[in-house]
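J.: What follows is each chain in one-letter form.
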Amino acid sequence: MTKQSASAAAAEGLEKNLRRRWRFGERIIEGWVFLTGLLAIAVLLGIVVLLLKEGVPIFFHTPPWEFFFGTKWYPVSEPPTFGIMPFFVSTLMVTLVATAIAVPVGVGCAAYLAEVATPRVRETAKPLIELLAGIPSVVMGLIGLMLLSPLVQSIFNLPTGLCGLTAGIMLSLMSLPIIVSVSEDALRAVPDEFRQAAYALGATRWEVIKYVSIPAALSGVAAAIMLGVGRAIGETMTVLMVAGGALAVPHSPTEPMTPMTAAIASGIGNAVKGGLQYQALFAIGLILFIMTLAVNLIADKVLERQKQKFAR
Amino acid sequence: MRTRAIVSRQLSQRVAFGLLVLATIIVVVPALLIILKIVISGAGTIGWEFLTQPPSQAGKAGGIFPAIVGTFYLMLGTFVFSLPIGVMAGIYLAEYAPRNWLTRAINMAIINLAGVPSIVYGLFGLGVFVLALNLGMSLLAATLTLACQALAMTITTSREAILAVPREYREGSLAIGATKWQTVRHLILPQARPGIITGAVLAMSRAAGETAPILVVGAAFLMRGLPQSPSDQFMALAYHLYTVAAHVPGMPKDTIWAVALVLLVVVLSFNVLATIIRLRTRQRRYG
Numbered sequence: 004m005t006k007q008s009a010s011a012a013a014a015e016g017l018e019k020n021l022r023r024r025w026r027f028g029e030r031i032i033e034g035w036v037f038l039t040g041l042l043a044i045a046v047l048l049g050i051v052v053l054l055l056k057e058g059v060p061i062f063f064h065t066p067p068w069e070f071f072f073g074t075k076w077y078p079v080s081e082p083p084t085f086g087i088m089p090f091f092v093s094t095l096m097v098t099l100v101a102t103a104i105a106v107p108v109g110v111g112c113a114a115y116l117a118e119v120a121t122p123r124v125r126e127t128a129k130p131l132i133e134l135l136a137g138i139p140s141v142v143m144g145l146i147g148l149m150l151l152s153p154l155v156q157s158i159f160n161l162p163t164g165l166c167g168l169t170a171g172i173m174l175s176l177m178s179l180p181i182i183v184s185v186s187e188d189a190l191r192a193v194p195d196e197f198r199q200a201a202y203a204l205g206a207t208r209w210e211v212i213k214y215v216s217i218p219a220a221l222s223g224v225a226a227a228i229m230l231g232v233g234r235a236i237g238e239t240m241t242v243l244m245v246a247g248g249a250l251a252v253p254h255s256p257t258e259p260m261t262p263m264t265a266a267i268a269s270g271i272g273n274a275v276k277g278g279l280q281y282q283a284l285f286a287i288g289l290i291l292f293i294m295t296l297a298v299n300l301i302a303d304k305v306l307e308r309q310k311q312k313f314a315r
Numbered sequence: 064m065r066t067r068a069i070v071s072r073q074l075s076q077r078v079a080f081g082l083l084v085l086a087t088i089i090v091v092v093p094a095l096l097i098i099l100k101i102v103i104s105g106a107g108t109i110g111w112e113f114l115t116q117p118p119s120q121a122g123k124a125g126g127i128f129p130a131i132v133g134t135f136y137l138m139l140g141t142f143v144f145s146l147p148i149g150v151m152a153g154i155y156l157a158e159y160a161p162r163n164w165l166t167r168a169i170n171m172a173i174i175n176l177a178g179v180p181s182i183v184y185g186l187f188g189l190g191v192f193v194l195a196l197n198l199g200m201s202l203l204a205a206t207l208t209l210a211c212q213a214l215a216m217t218i219t220t221s222r223e224a225i226l227a228v229p230r231e232y233r234e235g236s237l238a239i240g241a242t243k244w245q246t247v248r249h250l251i252l253p254q255a256r257p258g259i260i261t262g263a264v265l266a267m268s269r270a271a272g273e274t275a276p277i278l279v280v281g282a283a284f285l286m287r288g289l290p291q292s293p294s295d296q297f298m299a300l301a302y303h304l305y306t307v308a309a310h311v312p313g314m315p316k317d318t319i320w321a322v323a324l325v326l327l328v329v330v331l332s333f334n335v336l337a338t339i340i341r342l343r344t345r346q347r348r349y350g
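Top line first, the protein sequences correspond to chains A and B. To convert, count from 1 in the first sequence and add 3; that's this note's numbering. To convert, count from 1 in the second sequence and add 63; that's this note's numbering.
A couple of the hints might just be wrong.
What the hints assert, rightly or not - Each pair of labels, with its calculated beta carbon distance range: (1) Gln-311/A to Leu-85/B: 48 to 54 Å; (2) Thr-163/A to Arg-343/B: 16 to 22 Å; (3) Leu-55/A to Val-102/B: 44 to 50 Å.
Stated by the list, open to error - Derived contacts from chain B toward chain A, CB cut-off under 10 Å, selection only: (4) Ala-79; (5) Gly-149; (6) Ala-215; (7) Gly-235; (8) Ala-238; (9) Thr-242; (10) Glu-273.
Calculated from the structure, these hints are not laboratory results. Yeah, the Cβ is synthetic: ideal placement off N, Cα and C, and Gly gets one too.
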């Protein structure tokens with residue numbers, strides 16, 4: 004072996020060693036970032052496990068049937084009864100009111116911004132919509148409490164303005180930004196050729212919007228509505244402050260009521276850890292979680308499909 | 064006959080466009096009215112004393128200094144805990160993740176985390192941080208809860224910011240012999256930094272406005288002093304606003320509006336800050 008080849012071999016060995024060290028470092032980093040990626044799953048699973056662990060034991064006390072369909076929520080009487088029908092119906096009513104207002108208004112606004120408005124109008128309107136999205140829910144609750152509820156009370160001649168209707172109107176404001184922005188994106192994704200073909204057939208601008216743009220973007224608009232519904236179902240502070248807090252099953256949106264989120268928020272402070280009320284509230288949380296999860300999963304699937312529809 | 068049909072079509076277009084404009088006004092105007100009302104009703108009460116003194120008489124007198132400080136601690140904590148994890152997870156998803164079921168599951172989890180109601184995060188924080196980890200109703204427990212909630216947002220914005228860096232950067236760097244991590248560390252992260260920071264600032268703004276989770280995890284309504292350590296109880300603006308508005312009888316209305324104004328200024332100023340960062344980098348890059 005010559006001297007030269009020996010030094011070459013040494014250099015090669017050194018390089019190999021260095022490369023291995025590099026590779027080792029890279030591996031550690033790769034593993035580390037992988038673990039943090041898994042953390043997202045861990046948190047989601049953690050939420051599920053916790054809700055199951057703390058919530059499911061209530062069903063040994065109150066069978067699921069009675070829990071879901073029971074109309075009496077008396078957590079501190081002897082013996083306590085846990086029926087969540089009042090909360091479930093309240094959530095349904097409040098969400099329905101919110102959706103009934105937010106869908107036509109939100110889709111109309113999105114159609115205007117995407118199809119009719121000049122760029123200048125759009126550039127002015129968008130930050131204002133973001134502003135609406137940025138107002139904290141407790142502030143929306145305050146507005147409902149101080150300004151809207153007296154108004155609703157006098158217009159509908161009610162004993163109290165703190166009711167499902169007032170809460171629903173405030174919720175509609177809070178779900179509007181997401182409905183508008185997702186619908187607008189869907190409308191903008193419709194290829195311009197569609198519109199031009201309709202114009203060529205002599206359609207007016209409104210007819211193009213009505214018969215071409217909105218039908219073509221329909222699944223995206225549907226996803227937007229679902230996201231808005233998910234928002235309304237999960238919203239807590241506004242309904243806690245504005246919906247009235249009555250514990251009976253409401254018969255109309257003009258009555259005071261307690262949606263599921265508000266039931267958790269108002270009850271958890273008095274619940275003893277591991278006690279029956281504590282378990283019942285976690286079970287409500289579990290149901291709430293499943294409802295919003297379903298809504299979001301479906302909306303995501305629909306959006307994915309919409310995206311592929313016009314992908315070229 | 065024919066002209067009449069055209070006239071009626073044009074008329075229906077007029078009516079329809081009128082309705083669309085009306086819908087847009089209904090979306091845009093409330094935000095302005097709400098902010099105007101809060102500024103007008105709240106500004107009169109805000110003064111040096113209100114901002115720097117602790118509350119007295121159940122919040123009816125004195126100031127809201129501990130609540131302001133508490134809110135800033137919460138925002139800072141959310142930033143500190145959720146940003147590094149968000150960035151790391153974003154790097155993984157954008158640069159390292161193979162296209163397989165696990166990556167799809169992670170992305171799915173992130174989308175769903177963003178949709179979980181805030182009150183459910185509160186229950187999660189109560190069960191995990193307050194009770195299981197025995198942190199008690201403390202500033203630390205509340206911060207960790209809010210950070211978990213912010214995670215979905217910081218991960219998503221980091222991933223998008225990293226993905227937006229052009230491919231050529233990566234190819235050039237790898238071609239001159241840099242390793243993958245060197246490329247990420249020295250080329251991609253600096254490019255993606257404004258986008259990542261924007262997301263984190265938005266997450267802080269959200270954390271300042273969140274009320275339901277800290278209500279469950281246990282913010283204090285009245286404290287004379289400031290929290291001395293992360294295991295102390297704390298006041299927060301959002302929670303303070305909720306209690307003075309809904310639970311203190313005979314509360315002077317002006318004081319309630321003033322608390323709302325301070326909260327709104329904190330939340331919206333961080334919102335605006337995020338927008339400025341975003342616009343400035345867009346200008347620098349493409350202008």
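J.: What hints, given by number in increasing order, does this structure fail?
T.: 1, 2, 7 and 8
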